[in-house]
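**Q** Sequence:
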Amino acid sequence: MIFAMSKSFAIAKRLPKQFQARPLREASTIKYESLLLACYIRMSRNKRVVRSMQNNFGATTTQPVCINIASMSTAAYGGEPGDGTKGVKSLTYIPYSTKLPDGTDVALDTFRSEEEYQVGMDLMNLIIREGRTWPFEKEFENLESYKGYFLSHAAFVVRDVQQNIVLGCFYVKPNFPGRCSHICNGGFITSPSYRNRGVATLMGSAFLQIAKDLQYKSAYFNLVFKSNTASVYLWEKKLGFQRVAILEKAGRLKGLDHLDTAYGYRFDLETLDRNYLFQTKSKK
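Residue numbers (our numbering): 26 to 309.
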């Protein structure tokens, strides 16, 4: 999120360096000071800087200043609440019917009801409580906040056709804004009762096909923790992602007495066969 404001450069200079930006040539002057201040106070742990902002908000100038809140994280960690169907109409093969290795009939589909949204949020919060695979510590308190994160773009479930229950879910959305928005990110959750049954492999394979068909050029996963051996094996060995980054001491995870290493994984979607998912199905 980028805020443009007509305020003193003294304010910007007192902010942390990642909040400072050069002037914009064109910016509309809008009444949003309280929103900016609320966002910054919420994110900042530096009370001295917050007080400085509050004390200096009275100064004015005709020179617009840009403060880039998004510099604190990638685009993958925010978004407007949606229903997970952005761009999905172009995917004529959704819903996609197939079988798990054990013969279970499943459909890969969009979220279809408020009940499935709730199941998705419950799975997300379960993963957060487990504290082993995702960076979040605070659970989602309501569907609106969950939809803003998980359903802002394209999101899907794997549904047991006969029992009509969600076995897992994932999203596809930009990892970065603007000039880097052709790089997508994905988040994947399998219901604990259906782990080690091929649900994650199906979601990972579908992710690649869907991301390519949604016109993304590459996929990049920011944080795959070393201790999450199932994910490391899936992305690196099974689906052919490239390990392109190693971030040591990245994760303060439950059950570990040390900070875990995280890997960054990339897949060049332009090298993916246009019928990848369907060829994968025929090989089963």
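A hint or two may mislead.
As the list claims (entries may be wrong) - Here are the simulated distance ranges between beta carbons:
| id | residue 1 | residue 2 | range |
| --- | --- | --- | --- |
| 1 | 112 | 162 | 27 to 35 Å |
| 2 | 157 | 115 | 33 to 41 Å |
| 3 | 102 | 286 | 14 to 22 Å |
| 4 | 303 | 186 | 16 to 24 Å |
| 5 | 286 | 161 | 26 to 34 Å |
| 6 | 105 | 240 | 18 to 26 Å |
| 7 | 206 | 299 | 17 to 25 Å |
| 8 | 299 | 163 | 38 to 46 Å |
Said to hold, decoys possible - Computed list of lysine-lysine pairs in PhoX-like fashion (alpha-carbon distance at most 20 Å, straight line):
| id | residue 1 | residue 2 |
| --- | --- | --- |
| 9 | 274 | 124 |
| 10 | 274 | 242 |
| 11 | 251 | 262 |
| 12 | 251 | 274 |
Simulated from the structure, these hints should not be mistaken for laboratory data.
Think of the CB as a built atom: it goes at the ideal place given N, C-alpha and C, for glycine as much as any other residue.
**Q** Now tell me, hint by hint, if it's right for this structure.
**A** Against the structure, the hints come out as follows:
1. 112 - 162: 27 to 35 Å: Once the Cβ atoms are compared, 31 Å apart, the range 27 to 35 Å for residue 162 and residue 112 holds.
2. 157 - 115: 33 to 41 Å: Hint holds: Cβ distance 35 Å, inside 33 to 41 Å.
3. 102 - 286: 14 to 22 Å: Hint holds: Cβ distance 20 Å, inside 14 to 22 Å.
4. 303 - 186: 16 to 24 Å: 19 Å, holds
5. 286 - 161: 26 to 34 Å: 19 Å, violated
6. 105 - 240: 18 to 26 Å: For residue 105 and residue 240 the Cβ distance comes to about 20 Å; the hint holds.
7. 206 - 299: 17 to 25 Å: Given about 22 Å between the Cβ atoms, the range holds.
8. 299 - 163: 38 to 46 Å: 40 Å, holds
9. 274 - 124: With Cα atoms ~39 Å apart, residue 274 and residue 124 exceed 20 Å; violated.
10. 274 - 242: The hint is violated at about 30 Å.
11. 251 - 262: 14 Å, holds
12. 251 - 274: 10 Å, holds
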